[in-house]
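Colleague: Heads up: the sequence lines are chains A and B, in that order.
Per my numbering, the very first residue in the first sequence carries number 1226; after that it's consecutive.
Per my numbering, the very first residue in the second sequence carries number 3; after that it's consecutive.
Treat the hints with care, since some could be wrong.
As the list claims (entries may be wrong) - In silico negatives: residues of chain A with every beta carbon more than 10 Å from chain B: (1) Cys1229; (2) Trp1239; (3) Arg1256; (4) Thr1266; (5) Gln1279; (6) Glu1307; (7) Arg1317; (8) Gln1330; (9) Ala1337; (10) His1339; (11) Lys1342; (12) Arg1368.
To be verified - Which residues of chain B face chain A? A few of them, derived with a C-beta cut under 10 Å, are: (13) Val21; (14) Val23; (15) Pro39; (16) Ser52; (17) Pro61; (18) Ile115; (19) Phe125.
Claimed, not checked - Listed next, the in silico EDC-like pairs over lysine to aspartate or glutamate satisfying Cα-Cα at most 16 Å (straight line): (20) B:Lys79 x B:Asp124; (21) A:Lys1296 x A:Glu1248; (22) A:Lys1366 x A:Asp1272; (23) B:Lys68 x B:Glu10; (24) A:Lys1233 x B:Asp124; (25) A:Lys1342 x B:Glu10.
No wet-lab data here; the hints were simulated from the structure.
Just so you know, even glycine gets a beta-carbon here, dropped at the ideal spot from N, CA and C.
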Amino acid sequence: MLTCEDKKLIQAVWEKVAGCQEEVGGETLERMFVTYPQTKTYFPHFDLHHGSDQIRCHGKKVVGALGTAVKNLDNLSQALSELSNLHAYNLRVDPPCFVLQLLAQCFQVVLAAHLGKDYTPEKHAAVDKFMSAVAAVLAEKYR
Amino acid sequence: MVHWTAEEKQLITSVWGKVNVEECGAEALARLLIVYPWTQRFFSNFGNLSSPTAIAGNPRVRAHGKKVLTSFGEAIKNLDNIKATYSKLSELHCDKLHVDPENFRLLGDILVIVLASHFGRDFTPACQFAWQKLVGVVAHALARQYH
């Protein structure tokens, strides 16, 4: 469960990346494709080379969705309802929480690389909880 | 036996060369106990673990973190035989410490995040790949003697 303190920390982290969402998103995806090549199987239609426009755009979309989640921490289920449908019935990323965990790990690596010491253990814990909560909502309708 | 490319070995050793084992080890272990509080069950005799500040400042956590990361250094010196390097530690973690191997994966992921926070942009995607592979291999070796 996200506590009040967690929510404050998540919002604080979000403010830091507000200005470079596209960059953060693109980097997250690129790291995911490089570190966990199996994730490329969900993007056979993409140009997955470094600097690809498609990665950049999709990364921006992903981070945008996370931003929506950050603005609706009290109601993640409703806020991400459309995306939950998409992942369950359309994308069917498998297994639901495992692959999203890989994305979450890469997202945290990008945050840590950008924020350095400022990515404190407390912020790390709050973001980790947040990403788990998002993954759980996206996996809600799988079966 | 795990196959390491020359590039992977180079990325691992070049990052390792710049790591302050005491600092990184302490930080990684502290973060494990903070981000995944249930892991504190293995350290009930470590004293004050009541808050992130207490954990980060706890001298036993720091000392043990250093020990854990120093042992990682052994894996890096023996990349071609990590299995043997961790054989005894694997038995220890199973028979004496009773640690669920899932925790090795958690610590590995945290170590990668700590490295990213220290090295910023220098911790490139290629570095991350090599290090995630390494922590995965170490986790696997540590779980190998479980029965």
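Colleague: Does each hint hold? Answer for all of them.
Modeller: Hints versus structure:
1. Cys1229: Non-interface label stands for cysteine 1229 (chain A): nearest chain B Cβ at 16 Å, farther than 10 Å.
2. Trp1239: 17 Å, holds
3. Arg1256: 5 Å, violated
4. Thr1266: Holds: least Cβ distance 17 Å, greater than 10 Å.
5. Gln1279: Non-interface label stands for glutamine 1279 (chain A): nearest chain B Cβ at 17 Å, farther than 10 Å.
6. Glu1307: Check passes; 29 Å lies beyond 10 Å.
7. Arg1317: Given a closest Cβ separation of 24 Å, the condition holds.
8. Gln1330: 5 Å, violated
9. Ala1337: 4 Å, violated
10. His1339: 7 Å, violated
11. Lys1342: Lysine 1342 (chain A) is in fact no farther than 10 Å from some Cβ atom of chain B, at 7 Å.
12. Arg1368: 24 Å, holds
13. Val21: Violated: closest Cβ of chain A sits about 15 Å from valine 21 (chain B), beyond 10 Å.
14. Val23: 18 Å, violated
15. Pro39: This interface hint holds because 8 Å falls under the 10 Å limit.
16. Ser52: Given a least distance of 14 Å, the restraint on serine 52 (chain B) is violated.
17. Pro61: 17 Å, violated
18. Ile115: 5 Å, holds
19. Phe125: 6 Å, holds
20. B:Lys79 x B:Asp124: 22 Å, violated
21. A:Lys1296 x A:Glu1248: Given that 16 Å is the threshold and the Cα spacing comes to 20 Å, the pair is violated.
22. A:Lys1366 x A:Asp1272: 30 Å, violated
23. B:Lys68 x B:Glu10: Violated, because 24 Å separates the two Cα atoms, which is more than 16 Å.
24. A:Lys1233 x B:Asp124: 29 Å, violated
25. A:Lys1342 x B:Glu10: 26 Å, violated
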